[in-house]
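*Asks:* Read off the chains here:
Protein chains: 2
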Amino acid sequence: MAVNLRAPDGALLHPVAGVELGIAMAGVRKANRKDLLVMRLAPSANTAAVFTKNRFCAAPVLLAKRHLRRPVRALVVNTGNANAGTGADGLRRALEVCRAAADALQCEAEQVLPFSTGVIMEPLPVARIVTGLPQAVGDLREANWLSAAEAIMTTDTVPKAASVRVTLSSGQATVTGIAKGAGMIRPDMATMLGFLATDAKVGRGDLKRITLRVADASFNAITVDGDTSTNDAFVCVASGQGPAARSKRDLKTLAAAITDVAQQLAQAIVRDGEGATKFVTVRVERGRNEAECRKVAYAIAHSPLVKTAFFAGDPNLGRILAAIGNAGVGGLEASRVDLYLDDVLVARAGGRHPAYREEQGVAAMRKPEFTVRALLNRGRAAATIWTCDLSFDYVKINAEYRS
Amino acid sequence: MAVNLRAPDGALLHPVAGVELGIAMAGVRKANRKDLLVMRLAPSANTAAVFTKNRFCAAPVLLAKRHLRRPVRALVVNTGNANAGTGADGLRRALEVCRAAADALQCEAEQVLPFSTGVIMEPLPVARIVTGLPQAVGDLREANWLSAAEAIMTTDTVPKAASVRVTLSSGQATVTGIAKGAGMIRPDMATMLGFLATDAKVGRGDLKRITLRVADASFNAITVDGDTSTNDAFVCVASGQGPAARSKRDLKTLAAAITDVAQQLAQAIVRDGEGATKFVTVRVERGRNEAECRKVAYAIAHSPLVKTAFFAGDPNLGRILAAIGNAGVGGLEASRVDLYLDDVLVARAGGRHPAYREEQGVAAMRKPEFTVRALLNRGRAAATIWTCDLSFDYVKINAEYRS
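Quick mapping for you: the protein sequence lines, in order, are chains A and B. Position one of the first sequence corresponds to residue 1254 (the working numbering), numbered consecutively onward. Position one of the second sequence corresponds to residue 1254 (the working numbering), numbered consecutively onward.
The following block holds chain A by itself, in its conformation from the complex (with noise of 0.2 Å):
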């Protein structure tokens, strides 16, 4: 069902010099799937990394977070069980799974990044993952991108993976990412799971400034349902096996081509959203500020009335003139406010337009991929989010997931 979204080409999927992956089935929830995934990082990588901002962010979060203090060797993926809502038992085993990829990678347990998704409130099987380990390192490859992306799928029908290369004033270097998410979707600070990572030299201090403003372009900009998970992360390596970026020019270019990346993955995750029909851009203009377009944004793209019209294609305007009225923008002067459907005006100054016909905003909902643009008229910001619209199959997938 995914909206205008095919499986990435894995030639296309440029490998990143001094990030190796390596995949296995580890049986953690399901035989016979790829659900475990390890990334070995070169001793010269600097990462940094965005959470779920869930008061019941996973055990695996909370490892993540310490553990990123200390140079980071490695990541351990995990789905088919998220070790959340476990308590002070999840975080035993989460450090449990560090210590034996840390064994097996030669690193400190302290040196390993892990990660889980999956099942909330279940205890993770540690021993299935230990076993699983040997295979995942012994898989450990640089053009294992696509593979990569499989392994981390939940309910996702595609696998993600997004992949540029941009020249810097020392040689060109690679960005290649993947991202794994359909429901749950509504990052606070980070995406279900999004791992990027670029061959250029990027200090500390740099990467963590151009990870989180990326984060707020791409992976904080998209909804499927309003649900924070528990387990979100995105997380960025710079390998330092590329050319360096340390010039304000080399970093602007540089952060353009992570931004790509990464929104290329945030729209890829909204594109197969739980049984998403359509994809849709919502545009808010002309408010105070940027937080204000953003919670009018979101306003539209969660209220349930909007999102079903939407899967309608019925241009029932009404529904996303009173999520607007509900975004809870003091003073907001809904006399003031237009609206369009792609390039159609269809409110203007809080009311319908004269000249708006119905079949015009029927031509524009009924296509695959449209845009809701809506002008506050009280300033000069703006904000842009993805969405999708909620189906019967959205209903289904929830209904029917763990039973």
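It should be emphasised that the hints constitute simulated quantities derived from the structure, not laboratory data. Keep in mind that the hints are not guaranteed to be accurate.
Copies of the same chain are indistinguishable here, so a pair counts whether it falls within one copy or spans any two.
Below, a list of computed lysine-lysine pairs in the DSS-like style, where the Cα atoms sit at most 27 Å apart [stated by the list, open to error]:
1) Lys1620 / Lys1649
2) Lys1548 / Lys1306
3) Lys1283 / Lys1649
4) Lys1306 / Lys1501
5) Lys1306 / Lys1461
6) Lys1306 / Lys1283
7) Lys1649 / Lys1287
8) Lys1318 / Lys1306
9) Lys1461 / Lys1501
10) Lys1548 / Lys1620
Note that this is a predicted model, so its numbers are computed, not measured.
Please arrange chain B on chain A, whose structure you already have, making use of the hints.
*Replies:* Chain B only, in chain A's frame:
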């Protein structure tokens, strides 16, 4: 599909002296259905009301707020068209309806409160309403509450009405009310439409205070889909034809009766929620203040993942914990939260309770009614709200409505 909800027995709805109701089939949107209600109030009546906080509040809401400054003599309610998102033209049309009603009832247009519900952003068909008015006025009777409840239905499947009698120091008082609403339900100060009347003599100030308090304990404590309507209104009339409520004790007795009727009506809206198959009470206890308890309760009640798990009768408890963690309560410690399904302790100190068995959760959630109870364990405040599940039929109803 309504959950444990039947049409009220008209014989059990006590008339309120000084409040007459008349119904007509005006063909506002569809022919041959009751879609126009006139309520005539005795000159002795006091009226208080609370309205939607949606910034796109409808023309009739704007006008009703203005007209509330004068003693109210009549209410005119139409379904089929919300007269919302209609700008200045919508205000003119709402005023025309008030004028026509005032002519028919021999009062001032400024003494008529207009209410509209139905499709948003389409011009109100004033001529049809004006043509229907004589029929409604000719039908005015005190014993007409059930027919009135039917006349204000839109996607409701069951008319909603409730009635109680209480003894005040100077005699027996009656409280009777009707409401409508099934979708776009997350009232913020009021429900879609709720009209409640008592024959008790109550001062304007007292009535206003009671109305605000009652709204918070009833219509403001329910949610179907988190969408706040543009037309929400809750009106409370004290006709002054019955016993006086002036002492603190009498006011308390009367307020309790009004709360009782309002809660019955509010819960009826949830039981008849679009596509609802479950009626769920969400109670959050031991919070620092009521506001944070409500925040957590609404985070649970609005999560599409939690709502689809309700639909499936699947105790996917991690989704409830994740929703609590997302509520945006500062400093909330996940490791202190306990969670109950009815009387079953399912999670303790943020993790699954060791004694909890899946069958217990399934047994609780397979019932048409159950309670989710979260203990934050950081204070003494509590809050209760009522919600329903998210089913295939919610999507069906809202994808097909209007089209």
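*Asks:* Each hint needs a verdict: does it hold in this structure or not?
*Replies:* Here is how each hint holds up against the structure:
1. Lys1620 / Lys1649: Close inside one copy (23 Å) and across copies (20 Å); limit 27 Å.
2. Lys1548 / Lys1306: Both: 17 Å inside a chain and 16 Å across chains, each within 27 Å.
3. Lys1283 / Lys1649: within (21 Å within a copy, 33 Å between copies)
4. Lys1306 / Lys1501: For Lys1306 and Lys1501, neither the intra-copy (30 Å) nor the inter-copy (47 Å) Cα distance is at most 27 Å.
5. Lys1306 / Lys1461: For Lys1306 and Lys1461, the Cα distance is within 27 Å only inside one copy (17 Å; across copies 41 Å).
6. Lys1306 / Lys1283: Answer is neither: 29 Å inside a copy and 49 Å across each miss the 27 Å cutoff.
7. Lys1649 / Lys1287: within (24 Å within a copy, 36 Å between copies)
8. Lys1318 / Lys1306: within (12 Å within a copy, 41 Å between copies)
9. Lys1461 / Lys1501: For Lys1461 and Lys1501, the Cα distance is within 27 Å only inside one copy (15 Å; across copies 62 Å).
10. Lys1548 / Lys1620: within (26 Å within a copy, 37 Å between copies)
Checked against the numbered hints above, the structure breaks hints 4, 6 and satisfies the rest.
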